[in-house]
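Novice: Going down the list, the protein sequences come from chains A and B. With positions in the first sequence counted from 1, the corresponding number in the working numbering is that position plus 34. With positions in the second sequence counted from 1, the corresponding number in the working numbering is that position plus 14.
The hints are simulated quantities; they were obtained by calculation from the structure and are not laboratory data. Misleading hints may appear alongside valid ones.
[As the list claims (entries may be wrong)] No more than 25 angstroms apart at the CA atoms, straight line, and that leaves these computed lysine-lysine pairs for PhoX-like:
| no. | chain 1 | residue 1 | chain 2 | residue 2 |
| --- | --- | --- | --- | --- |
| 1 | B | Lys90 | B | Lys177 |
| 2 | B | Lys179 | B | Lys90 |
| 3 | B | Lys34 | A | Lys121 |
| 4 | B | Lys179 | B | Lys197 |
| 5 | B | Lys167 | B | Lys90 |
| 6 | B | Lys130 | A | Lys134 |
| 7 | A | Lys309 | A | Lys134 |
| 8 | B | Lys90 | B | Lys130 |
| 9 | B | Lys197 | B | Lys167 |
| 10 | B | Lys167 | A | Lys121 |
| 11 | B | Lys197 | B | Lys130 |
| 12 | A | Lys222 | B | Lys90 |
| 13 | A | Lys230 | A | Lys134 |
| 14 | A | Lys126 | B | Lys90 |
| 15 | A | Lys254 | A | Lys264 |
| 16 | A | Lys126 | B | Lys39 |
| 17 | A | Lys121 | B | Lys171 |
| 18 | A | Lys126 | B | Lys34 |
| 19 | A | Lys121 | A | Lys230 |
| 20 | A | Lys134 | B | Lys34 |
| 21 | B | Lys90 | A | Lys230 |
All values derive from a computational prediction rather than experimental measurement.
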Amino acid sequence: MISVPYYSLNSFLTSKSTNLGFPNFPSPSPLNFRRNLTSSSTELAPIKANEASRMSSLKINSDESSGLIRHEVSVNGRRSENIVWHKCSVEKSDRQELLKQKGCVVWITGLSGSGKSTLACALTRGLHSRGKLTYVLDGDNVRHGLNSDLMFQPEDRVENIRRIGEVVKLFSDAGVICIASVISPYRKDRDACRAKLPEGDFIEVFMDMPLCVCEARDPKGLYKLARAGKIKGFTGVDDPYEPPLNSEIVIQQEGEVCPPPEVMAEKVISYLDAKGYLEA
Amino acid sequence: MSSAMGSPTNVFWHECAVGKGERQKLVNQQGCLVWITGLSGSGKSTLACSLNRELHSRGKLSYVLDGDNLRHGLNKNLGFSPEDRTENIRRVGEVGKLFADAGLICIASLISPYRKDRDACRALMTDANFIEAMLLSVLMNIPLDVCERRDTKGLYKLARAGKIKGFTGIDDPYEPPLNCEIKIEQKNGVCPTPCDMAAQVVSYLDGNGFLRA
Numbered sequence: 035m036i037s038v039p040y041y042s043l044n045s046f047l048t049s050k051s052t053n054l055g056f057p058n059f060p061s062p063s064p065l066n067f068r069r070n071l072t073s074s075s076t077e078l079a080p081i082k083a084n085e086a087s088r089m090s091s092l093k094i095n096s097d098e099s100s101g102l103i104r105h106e107v108s109v110n111g112r113r114s115e116n117i118v119w120h121k122c123s124v125e126k127s128d129r130q131e132l133l134k135q136k137g138c139v140v141w142i143t144g145l146s147g148s149g150k151s152t153l154a155c156a157l158t159r160g161l162h163s164r165g166k167l168t169y170v171l172d173g174d175n176v177r178h179g180l181n182s183d184l185m186f187q188p189e190d191r192v193e194n195i196r197r198i199g200e201v202v203k204l205f206s207d208a209g210v211i212c213i214a215s216v217i218s219p220y221r222k223d224r225d226a227c228r229a230k231l232p233e234g235d236f237i238e239v240f241m242d243m244p245l246c247v248c249e250a251r252d253p254k255g256l257y258k259l260a261r262a263g264k265i266k267g268f269t270g271v272d273d274p275y276e277p278p279l280n281s282e283i284v285i286q287q288e289g290e291v292c293p294p295p296e297v298m299a300e301k302v303i304s305y306l307d308a309k310g311y312l313e314a
Numbered sequence: 015m016s017s018a019m020g021s022p023t024n025v026f027w028h029e030c031a032v033g034k035g036e037r038q039k040l041v042n043q044q045g046c047l048v049w050i051t052g053l054s055g056s057g058k059s060t061l062a063c064s065l066n067r068e069l070h071s072r073g074k075l076s077y078v079l080d081g082d083n084l085r086h087g088l089n090k091n092l093g094f095s096p097e098d099r100t101e102n103i104r105r106v107g108e109v110g111k112l113f114a115d116a117g118l119i120c121i122a123s124l125i126s127p128y129r130k131d132r133d134a135c136r137a138l139m140t141d142a143n144f145i146e147a148m149l150l151s152v153l154m155n156i157p158l159d160v161c162e163r164r165d166t167k168g169l170y171k172l173a174r175a176g177k178i179k180g181f182t183g184i185d186d187p188y189e190p191p192l193n194c195e196i197k198i199e200q201k202n203g204v205c206p207t208p209c210d211m212a213a214q215v216v217s218y219l220d221g222n223g224f225l226r227a
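Just chain A, same shape as in the assembly (with noise of 0.2 angstroms):
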């Protein structure tokens, strides 16, 4: 049975970030709620559209005061409408110091059939037994939802990992140790998410399993699949994985023996643990 420790509204009270203190709330009071659906009003009458929106282009402007920045925005080639930046009082620190960690993303890349998926589930379970919040982003399960309209040709590749990469940015920013598994076969694509965030929050795993290896498992009969011509474009098969040249972590075969999934978790929780992740 692993225990775990329950964050309560205590462990927040010395938190010297959000400078709020605590204002005076009412007492609970026993009201019963229901989800009460409430009618539209009637004071919002559609009006009918024009034709596709022009774009217009709008210089940048700072404006610090209201707390919107200008940007100017290009859209495929056509500069879009003045989009701001809205900033918001409750920084990624503050809520570093609720959760006790920091916000990174550990982003597990390999062949199918390496381990990606199983080290993911060893690693959260892992940090979870520790207090820690983490959230899996499995490149198979994304697919499923926010990437659903993609598929497996290079540009739906590249539009495939960006997205993940855009959403394990905004996790880490939550102060969620995000751990995504996804075959991420490209550099350029992997580095372009190691590059959305600061410094040492992208931690590269690298599961260096021989393709022999991966394909003996082949624990979704893809490899059959694809060596009898049914998939094309299949990564390792008929479509290059490039290996990472600088991760933070690589997990290999002792001789010929894989490390089994906690062992691996270990192995990147230390890291995690001597880089500072695991306390706020």
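Following the hints, position chain B against chain A.
Specialist: Just chain B now, kept in the frame of chain A:
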């Protein structure tokens, strides 16, 4: 017969050892997505920020997904055509779902003008993996003239001058929700303060058990 790798049947679902319930116990709250919708200048980002602050002061983990901010990152390859607005909302909904699953109180702040798109997000949050709907819709029911007078980003002015086309409220429709959990509106012609608005939402969250595991 060969096919491209892009067959959905080759994409599997991986179950993982730590479930939503355990994460929620860890952070002592229930993950959900608070979706704030309304005209430009209606106060969505203001409410998102004050709500975020309020929740944080209560020791709750929340995160703001601001429509504008996301258009700098995840959604930077989208414009403002109807199709792109739909895709924008879809992606934010999917990310909000991930955040809610992670145990966070996720606050999405977007105009999200089309009912169909917002309803699709609600449906997304009510699939087989979720016991009950976790999308709370907050309508910023502030009149157009008030929003336009504020014109916090100078966009109404540009839209009226014809320099932006398809601007919500001017020449693109805003379709208010038919069913929302929370409605923020003026009282006797006076807009609520950011604190009051946040208190209204927090009260709802608290009363519905989201602020505990």
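Novice: Is the straight-line distance between the alpha-carbon of A:Lys126 and that of B:Lys39 25 angstroms or less?
Specialist: 21 angstroms, holds
Novice: Would the hint linking A:Lys121 and A:Lys230 be met if the CA-CA limit is 25 angstroms?
Specialist: 18 angstroms, holds
Novice: Are B:Lys167 and B:Lys90 close enough, with their CA atoms no more than 25 angstroms apart?
Specialist: 19 angstroms, holds
Novice: Does B:Lys130 sit within 25 angstroms of B:Lys90, going by the straight-line distance between their CA atoms?
Specialist: With a Cα-Cα distance of about 22 angstroms, the restraint between B:Lys90 and B:Lys130 holds, given a limit of 25 angstroms.
Novice: Taking only the CA atoms, is the gap from B:Lys90 to B:Lys177 under or equal to 25 angstroms?
Specialist: 21 angstroms, holds
Novice: Taking 25 angstroms as the top limit, are the C-alpha atoms of B:Lys90 and A:Lys230 close enough?
Specialist: 14 angstroms, holds
Novice: Quick one, are A:Lys222 and B:Lys90 close enough, alpha carbons at most 25 angstroms?
Specialist: 19 angstroms, holds
Novice: Are B:Lys167 and A:Lys121 close enough, with their CA atoms no more than 25 angstroms apart?
Specialist: Roughly 14 angstroms between the alpha carbons, so the hint for B:Lys167 and A:Lys121 holds.
Novice: Quickly compare the C-alpha distance for B:Lys197 and B:Lys130 to 25 angstroms and report which way the hint goes.
Specialist: Since the Cα atoms of B:Lys197 and B:Lys130 sit roughly 19 angstroms apart, the hinted pair holds (cutoff 25 angstroms).
Novice: Please verify whether A:Lys126 and B:Lys34 have alpha carbons no more than 25 angstroms apart.
Specialist: This hinted pair holds, its Cα atoms lying about 22 angstroms apart.
Novice: For the pair we were handed, A:Lys309 and A:Lys134, check the Cα-Cα distance against 25 angstroms.
Specialist: Holds. A:Lys309 to A:Lys134 sits at ~14 angstroms (cutoff 25 angstroms).
Novice: Straight-line Cα separation of B:Lys179 and B:Lys197 no greater than 25 angstroms?
Specialist: 28 angstroms, violated
Violated hints, listed in ascending order, are 3, 4 and 6; each of the other numbered hints is respected by the structure.
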